[in-house]
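S.K.: Residue numbers (the working numbering), protein chains in the order written: chain A, 1 to 216; chain B, 1 to 216.
Because identical chains cannot be distinguished in the list, a pair is counted as satisfied if it fits within a single copy or across any two copies.
Straight line, CA to CA, 20 Å or less: simulated DMTMM-like cross-link-like pairs of lysine to aspartate or glutamate: (1) Lys77 / Asp146; (2) Lys24 / Glu216; (3) Lys55 / Glu74; (4) Lys26 / Asp15; (5) Lys78 / Asp146; (6) Lys180 / Glu205; (7) Lys153 / Asp133; (8) Lys55 / Glu216; (9) Lys26 / Glu216.
Keep in mind that the hints were calculated from the coordinates and are not lab data.
Number of protein chains: 2
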Amino acid sequence: MDIITIERKVLEKNDEIALQIRNKLKINKTFAVNIVSSPGSGKTSILERTIESLKSKIQFAVIEGDVQTNFDAERVKKYNVPVVQIVTNGGCHLDAKLVKDALDKIKLKGIKFLVIENVGNLVCPAGYDLGEDHKVVVLSTTEGDDKPLKYPKMFINSSVLIVNKIDLLPYVNCNIKELKENALKINPNLIIFETSCTTGDGIEEWCNWVMMNIIE
Amino acid sequence: MDIITIERKVLEKNDEIALQIRNKLKINKTFAVNIVSSPGSGKTSILERTIESLKSKIQFAVIEGDVQTNFDAERVKKYNVPVVQIVTNGGCHLDAKLVKDALDKIKLKGIKFLVIENVGNLVCPAGYDLGEDHKVVVLSTTEGDDKPLKYPKMFINSSVLIVNKIDLLPYVNCNIKELKENALKINPNLIIFETSCTTGDGIEEWCNWVMMNIIE
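Using the sequences plus the hints, can you model the full thing?
M.R.: What follows is the structure, given as structure tokens:
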């Protein structure tokens with residue numbers, strides 16, 4: 001019995017499927033992000049704000065990952081965006097196979113931007129390639145400025161950090177300067193946006209970055 | 001290759017060690033809780049407040065679990081409480097073996113209250129018995145009122161729910177009545193406390209519950 005070997009085999013298989021997804025998206029000229037964070041950092045709210053801002057410019061598709069419930073898919077559906085809900089039934093992360101199956105249910109033609117919203121978990125999803133172009137990690141100011149140091153793998157494997165809930169900064173014990181310094185210590189290449197889904201601050205900058213990455 | 005069988009064996013082995021821990025703590029008359037939550041919900045802050053309130057009445061010991069860093073142990077150390085830091089190096093939960101090894105480093109005699117602070121993760125630690133008397137799940141108001149429904153296993157396996165950061169209720173989109181109803185829908189036996197580590201609200205009620213459980 002060799003658990004480590006099996007784990008490696010699972011990851012190898014995952015990476016193989018992720019590569020198939022990446023190729024499929026590339027051929028279709030679909031830009032894809034995998035949004036990751038703790039529960040309640042605001043992944044779905046950011047997604048809603050992004051759809052509101054960009055839906056007149058580009059076609060979206062969304063894959064929602066949740067341990068239970070389809071609440072997030074219901075929130076997205078009202079924007080008339082194709083959305084597939086994956087319920088992991090206790091599983092702590094999405095893997096490429098789940099995403100591949102979900103993708104088979106979406107008519108990809110014309111879709112310019114695919115958002116995969118992962119299960120709320122700052123640890124496990126870090127290790128799984130889903131065929132996305134970039135991982136985008138969301139951290140809310142309420143979680144504290146030390147989290148990049150305490151959960152480094154997610155910050156190493158992400159290209160973008162969205163610091164969300166900046167409207168709450170006056171009320172919480174979080175030094176945003178230190179938060180960003182800590183994040184850049186872990187990954188100096190991180191692109192950082194500061195957002196509030198309540199006030200709308202920073203959403204434009206984030207959406208500009210998305211638009212820069214859309215493949216014509 | 002049968003991953004499910006191996007997973008079951010891993011859990012069986014875990015439960016066996018958890019039972020040893022439980023027996024050891026019982027013989028020593030040590031009451032033990034396993035505090036679980038998402039990153040940044042306030043586990044360490046609640047622990048600090050609890051030590052401040054109760055250290056003149058009972059002797060504590062603390063086991064800190066983190067993916068990386070010993071920041072939490074450093075925070076606890078200043079109260080002159082015996083503390084052992086477990087760094088999981090990417091591992092997403094504590095298991096009984098890690099706790100057993102940590103416990104071997106603590107002089108248990110006279111310790112009335114052992115707090116195990118788990119890795120910040122609302123998913124994976126739910127499945128692992130650490131030999132504690134109770135799991136205590138912390139959920140901050142900033143995470144939203146739907147989380148008990150979205151991450152049910154943790155709420156099913158916990159005896160206590162601490163709703164933390166209630167001072168932020170005026171600023172966040174969280175209906176605390178609904179949060180509690182959702183939690184009780186998942187687990188009708190949950191004992192619920194509402195706390196703020198900023199104002200100190202609710203800490204006394206939580207500490208009274210701890211004291212009720214101390215074994216003379």
